[in-house]
Amino acid sequence: MIITAAFILQPVLLAVLVFRFFRPKARTAGPVRFLLTLSALLLLTGFVHRSILIRFAALTNTYEALVFFSLGILLILAVSSWMKRPPLPPAVVFGGVLLSLLLLALSSSPIAPSEVRPPVPALQSHWLVLHVALSFLGEAFFALAFVSSVLYLVSRKEEKRNEMDRLTYRVIAVGYPVYTIGALVFGAVWASCAWGRFWSWDPKETWALVTVLVYTVYLHARLIFRKKGKALAWISVIGFAFTLFTFFGVNFLLAGLHSYR
Amino acid sequence: MNRIFGVLGSIKPALVLITLLLLLSALATLIPQDATEEVCRARYSAPLAGIILSLHLYRFFRSAVFLVPLGLFFINLCACSLRRVIRRAAADVPRRYGPDIIHLSLLLLIILGVLSLFLTSRGVVSLGRGESFILPGGPEVQVTDARYLTYEDGRPKDWFTALRVVGEEGYRKEHTLEVNKPLSLGVYRIYQYDFSQEAEAVLKNAEGFEGTVRLGEGFRVGDGVYRFLAVEEGEGGEGGRAAVFSLDRGSGLEVVKLSEGLGTPDFRLEEIPVYSRTGLLVTRNPLFPFILIALLIFAAGMTLTFFQKIRDIEGVSPQ
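Same order as they appear, the protein sequences are chains R and L.
The opening position of the first sequence corresponds to residue 1 in the working numbering, with each subsequent residue numbered one higher.
The opening position of the second sequence corresponds to residue 262 in the working numbering, with each subsequent residue numbered one higher.
Any given hint might turn out to be false.
As the list claims (entries may be wrong) - Calculated lysine-lysine pairs in the BS3-like style (CA-CA distance at most 30 Å, straight line):
| hint | chain 1 | residue 1 | chain 2 | residue 2 |
| --- | --- | --- | --- | --- |
| 1 | R | LYS228 | L | LYS273 |
| 2 | R | LYS25 | R | LYS157 |
| 3 | L | LYS465 | L | LYS434 |
| 4 | R | LYS230 | R | LYS160 |
| 5 | R | LYS84 | R | LYS160 |
| 6 | R | LYS160 | R | LYS228 |
| 7 | L | LYS518 | L | LYS465 |
| 8 | R | LYS228 | R | LYS157 |
| 9 | R | LYS25 | R | LYS204 |
| 10 | R | LYS84 | R | LYS204 |
| 11 | R | LYS160 | L | LYS418 |
| 12 | L | LYS273 | R | LYS230 |
| 13 | L | LYS418 | R | LYS204 |
| 14 | R | LYS84 | R | LYS25 |
| 15 | R | LYS204 | L | LYS273 |
| 16 | R | LYS157 | R | LYS230 |
| 17 | L | LYS418 | L | LYS434 |
| 18 | R | LYS204 | L | LYS442 |
No lab work stands behind these hints, which were simulated from the structure alone.
All chains should be built: construct the whole structure from the sequences, respecting the hints.
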């Protein structure tokens, strides 16, 4: 019910952002901030409520992961809207909310059963909370970088492109260490507690590393190719595609310890 | 010499090598790793199987196709890291130690990862209550209890094994092993790996001789061959267990279901004991603490970089 309420709010938020696009001078910053914050709080409440029901952090299946991923994006947008700095461009906020809405829609699909079930023994670990939470928070940053990269690629104005390029870099610069620590470091420590080895080249582990390496390429390429914004934007887009494949593709297409096959 | 060092320590070769490694690793996930040659030949066409086998792509992460670029990257990273430290020490620029710590920890992790290939070993042992094993050169580990708990819907809730470690001179240590909570004994670590239940059928023939047959096993009595197929809980007399056998007298299979205390003309089923067996994974990795330290250093470098980036973005310090 709480998650559904958040799901309903987001099209409203999108409508306000579209309205702002046609009426740039309208005072919509306040309503946008309010709706972002409310959506994030609703999802957070839903997450806490479900965690209480299963007596563990609600990060144990695809449904819960999708909800948390959506929550991560909204939290970043909401926090950003309250900070004393130039706000995020409305187009980026729109793209972020749209992604969040799509993730919530996916959580209602057959690929994400939403039954409330406590976790099996393999998932009963505090390392899971750190590993999954930070991974998805990092991925939320990558999602916003994806939006700004797409906006870079479709923009025709130099000023707009520069703004999107700077934003993409900043978001990835923050999301990269968060994701790397969550996915690789905490994942490796948990694997050593659960499976007896830090790293086993499982497809999920390998694709998480591939994702980190793509963003490593982005960050290092930016050091020497600052004027090749288009190439960098495409790397960011590919990075997010790999992020999604690491989340969905590996679970459903490849066999391994994280597989549902 | 400076020119060679400059080339080796350049970011451009690093970008090429990182891109190569990520593409190859992604492709490797499409090939079942550690499969046998027969599996590869059966799964792929002859030319493709030939390529996979000759390049050892079915053991990609131990093949030259992976290790050579990794080795080149290692050399490049060493040179890059050194070059970066020297440059920053010489120039008047803000200190950014985060990436240096990350690079150092990556070098450590690569070294430790390669050494792990040769120094680690693992094995699985299945034990029932009262059984034990002895670690090479180490203590005896006894299973004193093994429990398997389920949720109401039958899904596993928890399983744990109570262990008693008996060392030299009778030293004893008790430990309860659970999934995600291994036991450390020096360079060895013991994990709760698996859990199973084994059933046996205790049979007595007309002459009074008693024998035991395990689930899945067969035995001959007269002109018939019995096979112990299954145990059904609650299907026996007074809600007890029942054993299901197949009987083959050469004219087709027959199914025989017996409760404890009942029998056929050939034998009597005395009882059906069910034993819990716990699967323990034992690993030996002398590099474990060093890998953990390297990961911590890596995380510290990432965290430092994170906060430095936040400060740069906020405009507190120059980028």
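Hints versus structure:
Only pairs whose Cα atoms come within 30 Å are accepted, and R/LYS228 paired with L/LYS273 is accepted, the gap being roughly 14 Å. Pair hint R/LYS25 plus R/LYS157 holds up; C-alpha atoms about 21 Å apart against a cutoff of 30 Å. Annotation: proposed proximity of L/LYS465 to L/LYS434 is violated, straight-line Cα distance about 42 Å (limit 30 Å). For the hint pairing R/LYS230 with R/LYS160, the CA-to-CA distance comes to about 13 Å; that is within 30 Å, so the pair holds.
Taking the CA atoms of R/LYS84 and R/LYS160, the gap is near 21 Å; set against the 30 Å cutoff, the hint holds. Between R/LYS160 and R/LYS228, the direct Cα distance comes to roughly 15 Å. Compliance with the 30 Å bound is thereby established for this hinted pair. Proposed proximity of L/LYS518 and L/LYS465 is supported: the alpha carbons are some 16 Å apart, at most 30 Å. Simply put, R/LYS228 and R/LYS157 have alpha-carbon atoms about 16 Å apart, close enough for the 30 Å limit, and the pair holds.
For the hint linking R/LYS25 to R/LYS204, the alpha-carbon distance of about 47 Å lies beyond 30 Å, and the restraint is violated. With a C-alpha separation of about 39 Å, the suggested pairing of R/LYS84 with R/LYS204 is violated against the 30 Å cut-off. About 54 Å separates the Cα atoms of R/LYS160 and L/LYS418, which puts this hinted pair outside 30 Å; it is violated. A hinted pair counts as satisfied when its Cα atoms are at most 30 Å apart, and L/LYS273 with R/LYS230 qualifies at roughly 18 Å.
A distance of roughly 25 Å separates the Cα atoms of L/LYS418 and R/LYS204; the hinted pair therefore holds under the 30 Å criterion. A hinted pair counts as satisfied when its Cα atoms are at most 30 Å apart, and R/LYS84 with R/LYS25 qualifies at roughly 20 Å. Between the alpha carbons of R/LYS204 and L/LYS273 the distance comes to roughly 28 Å, so the proposed pair stays at or under 30 Å and holds. A threshold of 30 Å between alpha carbons decides the hint, and for R/LYS157 with R/LYS230 the separation of about 13 Å falls inside it, so the pair holds.
Restraint check for L/LYS418 and L/LYS434: satisfied, since their Cα atoms lie roughly 26 Å apart, inside the 30 Å limit. Taking the CA atoms of R/LYS204 and L/LYS442, the gap is about 23 Å. The hint holds against a cut of 30 Å.
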